[in-house]
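Peer 1: Given next are the chains, with one letter for each unit.
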Amino acid sequence: MRRLLRVLFAGSTLWALPVPGADLRIGRAAGVTSMDPHFLNIAPNINIAWHVFDALTHVDEDARLIPGLATSWRAVDPTTWEFRLRRGVHFHDGAELVAEDVVFSIERTLKVPNGQLGIFTRRIVAKEIVDPYTLRLKTATPYAMVPYDLNSVFIVSRKAAARSGPEDFDSGKAMIGTGPFRFARFARGDRVELARNDGYWGGKPAWEKVTFRIVPTDPARLAGLLSGELDAIEQVPTADLARIRRDARLQTAQKVSWRTIFFYLDQYRDRAPGLADQAGKPLARNPLRDLRVRRALSEAINRQAIAERLMDGAALPASNLVSPSVFGYAPDLKPEPYDPGDAKRLLAEAGYPDGFAMTLSATNNRYVNDEQIAQAVAQMLARVGVRARVEALPVNAYLPKGRKGEFAFAMFGWGSFSGDLALRALVATADPDKGFGAFNWSGYSNPRVDALLERAFASTDEKQREALAREAMRLAMRDYAVIPLHHQVATWAMKKALGYAPRTDEFTFAHHFRAQ
Amino acid sequence: MLSHIVHRVLQSFGVLAVMSLLVFAGVYAVGNPMDILVNPQSDQSEIARATAALGLDRPLFEQYFIFIGHAVTGDLGKSFAFNVPAIGLILERMPATLELATAAMLIAVLLGIPLGLWAGLKPRSAAGRTIMAGSVLGFSLPTFWVGLMLILVFSVWLGWLPTSGRGPTVNLLGIPVSFLTAEGLRHLALPAANLALFNLSLVIRLTRSGTREAIGQDYVRFARAKGLTETRIVGVHVLRNVLVPVVTVVGVEFGSVIAFAVVTESIFAWPGMGRLLIDSINVLDRPVIVAYLCLVVALFVAINLLVDLAYSWLDPRVRPGATR
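Sequence order for the protein chains is A and B. Those letters in the first sequence? Residues 67 to 582, per our numbering, in order. Those letters in the second sequence? Residues 697 to 1020, per our numbering, in order.
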């Protein structure tokens, strides 16, 4: 019995310091659903895919496009993009990467049953292999986003993936990529194990073996780090930041995330759901269609207080739909100063001296502290006379309702690696033929913004495109197409002996951890 | 007996049909899963394409009849989120949950019955009172909180046991189990204790009240008068009568523990099927939700059948064919 107890409680070896060449154990918040890199475009899956596979273009820590498997690319003419592949890159099975693998991968995104990556490749109408290391891709109309879209298309080995279904990726049979790690094991809901790819073109990773443990409960993930069982964790709850900083064995890494939290407001209907006067009678007209009201609501929100107190500093007040390092960010826009006096003046000027009542819709399990933020904003609005009733829903009930137009004033979050892409989805006039405004739940419509975006997507000159994207951002923000709140700050916590280059896109890359 | 079993099985098919329709309509009422799973970079036509590919653009009844049509051939559909058959997904996660639930019920029964007997035989002793006070705590403390406290004390402070996850598995008759390795047992200890707590308290209380009732009965007094040893009185005459309600409750609770171990599984990152259900509800992954609940219904039917059989072994009066 004593011996058994000793075996059971032999836990003293847990707090081992990570050294180069050793194992790295990372605690992740969300489970991976499939190993197939061409199935769903959801962060947990893509995060793992980036370890085993590469794409033609990569993005750096600031979400800017950098060379990946392609060393360079250029628009030969407005509808043709030429990519030059990196030479001497080998798949994990030893085969060399050639243009055929790229063509195969692009085509596979359109063939995977229920796959959702077709949006990134459907615009490519012709593929021409010039030589094994040069590829030309044609689009029907001038389209600047091909290099951006291809950042989402992982290059799989044609030999290994031909005739492979999702099960072959989950089992590892088809998990042959060029990435920094080889696939070792996938235990659904539990862990993903990876082994070092010694021949990685981007330099040999520091870790022999990497284990991603799926620990969805926040306190349990933190406990794993505190007990030494995990070397690093992601998505640290803001309430625990202070405690981790006090612990001499631990440290944190933070970065302004590309995820922007904002409120969208109904600007297209005369009568929007949840809007009423102070007595509860539905309003004759929709106050949110009045620019002065939208501005007043924005001025009534104390963004600094939310960022400092509610988010414990893990938020940056926002003025744009994309965060500062992202392409198309307009630096001349400043976060709205908190000015309840002016907000009241504007409301009175717009004909609402007594304010009005509305429903403030928000999620309660999607964004960091989402429900608390909604409550705080409701209180701030109350100070200028707008009585907001908070309705917080789990995301699975929230998003379908949002798409059906059941909210008039609602919280939303968006991550994008270019300003024009965010604007296209969120504020461009909804037009299924052009693919504009798929998530424009404000119903905002400004032909000038649409025209600028169209020109931006057709412009293969990056400088010109960024200028157009910024101009569109300024127009939409001055109209209060949406009310930006803040950019989340992503936090990782790890043992002191480790270092991590935190990423704007929130990905947790094992090969970017280093031993100090 | 055989007709009894056949009758039960037929009944369960009716339950399954009603349940699947309810779940189907319920998930449909919440919304389109594509709104959650969709690639945020998608445009309207891509969203429509993805919705149509899964048949989610059809009317509810058409979707349901398609599902039934496949279900009678044993195909419960492919998961929207995992892209593999739903039933396979559940069976893959089932051994972990069964292992956890069995361990928890073993703890509850093997500790609960002796403790309950003790508390029942010596209700006024210090030990008896302590046991009963403990069982009140076990009932009333929320599993979530107890789980976190267990982690804090045994993993973070003392460093004895791992915080979460399942240990290495070995195959036993083709089923991966973790309780055969020391590392596996270390991982199993905390979640099993956490999950056992409620049922442990329940078993203690049932056994105690059963014992209290039994020792006052004529047959016990008669046995005492006959001069039987205390061991034989408690071990045979008292225990056998106490066991009937305990078996009923443990049987029903075992089903619940399997089906709804989700809180414990979430805290301890145990890769069981309860967490799969929650993950699936979070993204409205209907094939998995429906398949899971069908399986749980089948499980409950089977367990209740076993409980019935156990009764007739314990209590001759309820045996079919016995004179009443």
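Be a bit skeptical, because a hint or two may be false.
Unchecked claim - Calculated pairs, DSS-like style, for lysine-lysine (alpha carbon to alpha carbon, straight line, at most 25 Å): (1) A/K204 - A/K239; (2) A/K204 - A/K500; (3) B/K774 - A/K239; (4) A/K204 - A/K529; (5) A/K177 - B/K818; (6) A/K270 - A/K529.
Source of the hints: derived by calculation from the structure; they are not laboratory data.
Peer 1: Now, for every hint given, state plainly whether the structure supports it.
Peer 2: Hint check:
no., hint, result
1, A/K204 - A/K239, "violated (32 Å)"
2, A/K204 - A/K500, "holds (18 Å)"
3, B/K774 - A/K239, "holds (21 Å)"
4, A/K204 - A/K529, "holds (22 Å)"
5, A/K177 - B/K818, "violated (72 Å)"
6, A/K270 - A/K529, "violated (35 Å)"
Against the hints set out earlier in the document, violations occur for numbers 1, 5, 6.
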